[in-house]
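There are 2 protein chains.
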Amino acid sequence: MTTKSDEAFRRWEAAFGEERVRRDSETIELYSRCTLPHGTTPLGVLYPVSTADVQTAVSIARQAGISLYPISRGKNWGYGDACAVTDGQVILDLSRMNRILEVNSELAYAVIEPGVTQQQLFDYIEERGLPLWFDCTGSGPEASIVGNTLERGFGHTPYGDHFYNSCGMEVVLGDGRILRTGYGHYRDAKATHVFKWGLGPYLDGLFTQSSLGIVTSLGIWLMPKPECFNMFFLSMPEDDDLPRVIDALRPLKLSGRIKSLVHIGNDLRIISSFQRYPWDDAGGQTPLPETLRRALRKKGGFGAWNVSGGIYGSNGEVREMRRQIRKALKPLGSVRFVGPKMLAFAEVLWKLLRSRGWQKELQVMLGSLVKVGGLLQGRPTDAFLYGTLWRMAGRDEPESLDPLVNNVGLMWISPIMPMIGSAAQDLVRNISPIFLRYGFEPLITVSLITERAMVAVTTIAYDRENTSETDKARTCYEELFREIMRLGYAPYRSSIASMPHLAIGSDVFWDVASGIKKVLDPDGIISKGRYDPLV
Amino acid sequence: MTTKSDEAFRRWEAAFGEERVRRDSETIELYSRCTLPHGTTPLGVLYPVSTADVQTAVSIARQAGISLYPISRGKNWGYGDACAVTDGQVILDLSRMNRILEVNSELAYAVIEPGVTQQQLFDYIEERGLPLWFDCTGSGPEASIVGNTLERGFGHTPYGDHFYNSCGMEVVLGDGRILRTGYGHYRDAKATHVFKWGLGPYLDGLFTQSSLGIVTSLGIWLMPKPECFNMFFLSMPEDDDLPRVIDALRPLKLSGRIKSLVHIGNDLRIISSFQRYPWDDAGGQTPLPETLRRALRKKGGFGAWNVSGGIYGSNGEVREMRRQIRKALKPLGSVRFVGPKMLAFAEVLWKLLRSRGWQKELQVMLGSLVKVGGLLQGRPTDAFLYGTLWRMAGRDEPESLDPLVNNVGLMWISPIMPMIGSAAQDLVRNISPIFLRYGFEPLITVSLITERAMVAVTTIAYDRENTSETDKARTCYEELFREIMRLGYAPYRSSIASMPHLAIGSDVFWDVASGIKKVLDPDGIISKGRYDPLV
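Respectively, the protein sequence lines represent chains R and Y. Under this note's numbering, residues 631 to 1165 are what the first sequence spells out, in order. Under this note's numbering, residues 631 to 1165 are what the second sequence spells out, in order.
Rather than coming from a laboratory, the hints here were simulated on the basis of the structure. The reader is advised that the hints may include incorrect statements.
Chain Y stretches covered by chain R per the calculated footprint, using a threshold of three residues with CB under 8 Å from any CB of chain R [to be verified]:
1. 748-761
2. 1109-1120
3. 1145-1151
According to the in silico footprint, chain Y covers these stretches of chain R (three or more CB under 8 Å from chain Y) [claimed, not checked]:
4. 875-886
5. 900-912
6. 937-947
7. 1081-1088
8. 1139-1152
Every residue gets a Cβ at the ideal spot worked out from N, C-alpha and C, and that includes glycine.
Chain R with its partners taken away, still in its complex shape:
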């Protein structure tokens, strides 16, 4: 093996130059960092700059029988970050393939490479003053758009379903062939990035959440900038209010009236978004004592559940939607709306205030408003990475919010439910005790992501520098994963820690995926083990 891999590295170096082929210990350490309890250690890292480079990398890997593990920017926080599923793979870091190949304003789409970051596309659009928004996630300015789309991630605007809003892929297969999906394989095709399904079997789905190919470019749809944008907020005081608010919101989502993702965060989610764990007040104990939790909730003026979302359209449409939302939620409480003027004012005020004394709290609140508002308009921010610091103990506020730099512990579990209040209650009641039993707070957001489905994004935030806590986090995660599967709420995506267990209670589906793998990647050299439990 060593000889084979040495030989492969020599050939990669000959092809790419030494600067783009790394296996020094510093690089290995950098790419072994992980927010999960166990990261994995790669053999080395390659930095292709073109599709042809990717083909070359594949060809050499194939001859050596070494698995290549493509990452876009490696910001898959809490799901595996930049780590491969298993040790001993070679990371194919696509961050230098970061060209924006096309932005079509008339038809509102872009074609981009995997290395393009959220900030980069945002800046491109801003600089040119294009009347377009793109949908971004809270994972920070440096996260890859393609990477998130291939993981079938969700953002916050009406274009939040990223995979649905993608169209036309270029893919390098495990045998080096280049596949163009949709109409892209027809010469002079004119509808490649505007019509998703193409002609013949629709193949694009194969390259999401899989190890079936390396996507080297992708069309993504952009949202025409609306005439008007509003935010809405509602707080529900009691834990048991969750099902009522979901059932009240469902008709608004189902009818397409509310097009944005609706975010329903519990008090812990909100609190952890702007402050760290109150170690002193808790006397160093975890999980957060219930009395302290209630006190923090009261002090901040939050509810047990806190609803937020966006409204988009002409001025008239937004007015009408405000009326509809107010009417539907009236039995639950008074909905607050924030329009563009108030949002602009909040931004000015936020910048004027100082982050100390009595001003600090107001500043933090306004900052949250501005940043949530930005996200609902497709503006990237790293503000939501602040929550990763929640359980970091005995260390000062770090300069960077990069979870890998801070060595914070973070595991997500994201079960999907039908949009029925009782389903959310069922889930929350069953998983909360598991968090608490292991000494963690159930940080839970229930997000209404499509017309009929909602996801509970739940976080185990732990101190990765504390070994015993790290062990508990791992066991807690395993128990949570088993529990959501038992309840029938499988997740919408998986961390590398769960990937070997995805076939539990299921067979043909994963057999079929595995059979297709053998056709597209006969030597099994792409992303070994990624969403492939039978490997």
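With the hints as your guide, set chain Y onto chain R.
Showing chain Y alone in chain R's frame:
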């Protein structure tokens, strides 16, 4: 071969009983009928009533090496109807698998088998007074919903993209295994029919426009009945008005303001929807003389292009959208709106009028309005099959509108274009002369089907009882197909006549599809040749 097939039929008879296994000449004749110039002749027909039956059929077919060709209801008019791609296959007629397995009103979805017709689901919903609409096509009450969805057909309401609005499949593979997609393969999964993508590679696309499996049940999303519905109409007088109207409508589609399909039919499309070819006035000549075309256009008060669509929402939303549409289309002409009261009045009047004398024309017009209005509300009708009679010569008005009963000739070609006016003009200018050269009228509808794409649904209507005209239709079709591919506007679906030619100028895509076929159907016994040009 004969012995093998005799043996297979004996085994099918043993399994299903003689009544559900047919190869008498009458049945063979019935299933050889086609609206295309060449139908194909099957070996026989099987009628499974359950998924287990389908597995049995597959198992026996596999041992005999005979291809099974599943059809849902066989109403794939103008694309191959109930015919297999090649002679000598056994039709697997799924029409008796027609259970509505579930209708969930709260989450607005249904789970149905392939034999469920548009009328059947419509009646089910009506009888129970459920506040739901489903999206139907103009292909008549007896057409299959699953069949159309697997062909990636389009309807007229905001739920018009049928494949997008489907969720959770049960599929019998060519080796007899049952695959459940999405979350369906997990025990007690609760989100199978509400969340489309599941976990791991998204496989559903493989079973649309393909020969990769036999779908035995499918979840489809239903539309919550809106508070208000309006239709809008606009006529454009000149041929060259088409690009202007598309460019004016694009922002309304892109912004999601108009959610329905927008139908832009040319004069010929409208005329052929309520009258047959004017053989006498044309002196028996084809194609329709330009002066006569203009006279008919004038007499009926149609434009060269005729726009129609629907608006859905609360009363307030519909009012606002009317304002937006009126404003956007103002430079082009005066948009007419028809609200529920006017539509109800039209329906009453239509039923009161007689279909003769001076009342006939008004009756026909009102009938069109009522039926288009119905379709925009998901009400199945056979009215749009009337157009299939256009070029039927020397025969009286038939009792049935079934194209196969009437032996009418019909071929569709449906290229997809980016939603840009100049693309439609480019297409229309290049294909119209081809129609005319072969003696056919360019019957063209440009439909804005998604936010960014439009389809030109074009028809060769010909007299299938006239041999020379049938020959011309075939050659005309081949030339049209080559032309749209040359222009870069590949179709969104294909007739069995084009399936052997889909790989033109393209390779890896079809190689990949073919490779996957070998895994899912190792003996190649499902739908031989269907969207598989390399077979």
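message: Please verify the coverage claim for the stretch 937-947 of chain R: does it have three or more residues whose C-beta sits within 8 Å of some C-beta in chain Y?
response: holds (count 4)
query: How does the coverage statement for the stretch 1145-1151 of chain Y fare against chain R, requiring three or more residues with Cβ below 8 Å from a Cβ of that chain?
result: holds (count 5)
field: Cβ contact check, 8 Å cutoff: the stretch 748-761 of chain Y against chain R, three residues minimum
entry: violated (count 0)
message: Count the residues of the stretch 900-912 of chain R whose Cβ falls closer than 8 Å to any Cβ of chain Y, and tell me whether that reaches three.
response: violated (count 0)
- prompt: Quick check: the stretch 1139-1152 of chain R, covered by chain Y? Criterion 3+ residues, Cβ under 8 Å.
  reply: This one holds; 10 residues, not fewer than the three required, reach chain Y with a Cβ under 8 Å.
- request: Establish whether the coverage given for the stretch 1109-1120 of chain Y by chain R is satisfied; the threshold is a Cβ-Cβ distance below 8 Å, and no fewer than three residues must meet it.
  value: holds (count 6)
field: Outcome, coverage hint (the stretch 875-886 of chain R, chain Y; C-beta under 8 Å; three residues)
entry: holds (count 5)
- prompt: Are there three or more residues in the stretch 1081-1088 of chain R whose C-beta lies closer than 8 Å to some C-beta of chain Y?
  reply: holds (count 3)
Against the hints set out earlier in the document, violations occur for numbers 1, 5.
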